[in-house]
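Q: Residue numbers (numbering that gives the first Met the number 0), protein chains in the order written: chain A, 0 to 93; chain B, 0 to 392.
A few of these clues could be false.
[Stated by the list, open to error] Partial list, derived from the structure: chain B residues whose beta carbon lies under 7 Å from chain A: (1) G244; (2) T245; (3) I270; (4) E274; (5) C310; (6) K360.
[Claimed, not checked] Each pair of labels, with its calculated beta carbon distance range: (7) A37(A) with D70(B): 54 to 64 Å; (8) R79(A) with G199(B): 52 to 62 Å; (9) S371(B) with G17(A): 33 to 43 Å; (10) I83(A) with Q123(B): 48 to 58 Å; (11) R79(A) with A129(B): 47 to 57 Å; (12) N29(B) with R75(A): 38 to 48 Å.
No lab work stands behind these hints, which were simulated from the structure alone.
Computed from a predicted model, the values in this text were never measured in an experiment.
Where is the CB? At the ideal position from N, CA and C, for every residue including glycine.
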Amino acid sequence: MSAEVTVRIPEALRQFAGGSRELHVVASSVDELIAGVAAAGYGTLVNHICARDGQLRPFVNLYLGDVSIRTLDGQRTNLRAGDIVTILPSVAGG
Amino acid sequence: MSGREQRLAELREHVPQITPEEAYRLAQGNATLLDVREPEELAAGAPTGAVRLGRSFLELKVEDAIPGLHDPVLVLCASGIRSLFAAESLQRLGYQDVRSVAGGYEAWKRAGLPTEQPRILSTQERSRYARQLRIPEIGEQGQGKLLASRVLLVGAGALGSPAALYLAAAGVGTLGIVDADSVELSNLQRQILHTTERVGTPKVQSAWQTLNALNPSIQINKHELRLDSTNAEEVVRGYDLVIDGTDNFPARYLLNDVCLKLKLPYVYGAIYRFEGQVSVFWPAGAPAGAPTPCYRCLYPAPAPAELAPSCAEAGVLGVLPGVIGTLQAIEALKLILHIGDSLVGRLLCYDALTATFREFKTAADAQCPYCSKLDAFPGYVDYEAFCRDTQAA
Chain A
0 MSAEVTVRIP EALRQFAGGS RELHVVASSV DELIAGVAAA GYGTLVNHIC ARDGQLRPFV
60 NLYLGDVSIR TLDGQRTNLR AGDIVTILPS VAGG
Chain B
0 MSGREQRLAE LREHVPQITP EEAYRLAQGN ATLLDVREPE ELAAGAPTGA VRLGRSFLEL
60 KVEDAIPGLH DPVLVLCASG IRSLFAAESL QRLGYQDVRS VAGGYEAWKR AGLPTEQPRI
120 LSTQERSRYA RQLRIPEIGE QGQGKLLASR VLLVGAGALG SPAALYLAAA GVGTLGIVDA
180 DSVELSNLQR QILHTTERVG TPKVQSAWQT LNALNPSIQI NKHELRLDST NAEEVVRGYD
240 LVIDGTDNFP ARYLLNDVCL KLKLPYVYGA IYRFEGQVSV FWPAGAPAGA PTPCYRCLYP
300 APAPAELAPS CAEAGVLGVL PGVIGTLQAI EALKLILHIG DSLVGRLLCY DALTATFREF
360 KTAADAQCPY CSKLDAFPGY VDYEAFCRDT QAA
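Excised from the complex, chain A in its bound form (with noise of 0.2 Å):
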């Protein structure tokens, strides 16, 4: 059943999501969640950490939690109300 996700944007990718912090999207699974940030107008933002094949590129960790999406069900991962989701580039700067 779709409940309402919380999306942590960090700061390199915050111009494609209208400069939020937060993302708030109704999802049961990642690949809804990803689906929703695009419908909800931010396809920018999924085109850069998605690659055309919808897969994540390998720059960018999903957290559910403190937990990779990767060491779980990957993009097929079930989300529950309240889930908070973090979105990890690396980064370059030092």
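Given chain A's structure and the hints, the job is docking chain B onto it.
A: The following block gives chain B in isolation, referenced to the frame of chain A:
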């Protein structure tokens, strides 16, 4: 019988004695070997791995060094006499299982058991490091480890500056500094190793001046070069760990790979405007059956330039690398001292604007071509080309 002999006879009745061989065997388990000789006696060597706490401060400090009253304690002195007195004192303090090593260190040596040469601190060193010598987890033995340690800082910039300053101050005995650049005015907002009058000076020279002024007793190696596939292994070999103060992906992947090849801990840090990341990658240090990730497991490919610009392009709050670089220095000290829980298997993220630290688990990728088979290093690549090609993909 003299009073001394009578007293010793009483002690021998109350304090169990064991041979050095038995003490060595027990110390491989959960027993603590406690060397109660005074610091000036240690120049002759000491049992490897023993906790050293001179008889004169024993009662005052032993509870910090050995907190568990039920833990077995094996007391050793020079010849097995003072250890009887020390053992009795420990019994009075409440230690339940205390034994004296018969014959002391002399017998230990005669038995051919392992010894080491402890670093004896000078009066000046005792004064300089007094505040950390008081910490039970560091003490003289820990300080000796720091003074004997060798840390390589790659990048004398925003992250490398605070890390280098604190490691030099803490007495890390050898610091290597890698940087090919010269100081620019725009560096000074965050690169606190350098000064206005040194604009135009090679950063390794400027770093040496600052660190030498802070702690002239340590060795600072200047590596004025840019690391690449051809020189990285030669530069890194001989250091105990590497701190990443670089500002680009090719350097980060190279550092990951050379640390994997040499089985060294790689202390990672990265920053973007108000946000930073810190972790430690050290697959070779993982216990059997519980692999830990390398940088490539977390990020198999670099972000494209438009999503991960350098600080020169995106800007950065000057204090942010102070936080992240200092965290890297703390991780380095913990690794050298073998204390605490390192950031291996964890990515710590700091958001300065919300004053929030968040922690994420990092997992080894069983298919990682670089760390899944540690003894089958696949070789260095052209890191500029690797990053350019994967970013474009």
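Q: Out of the numbered hints, which ones does the structure contradict?
A: Those not satisfied: there are none.
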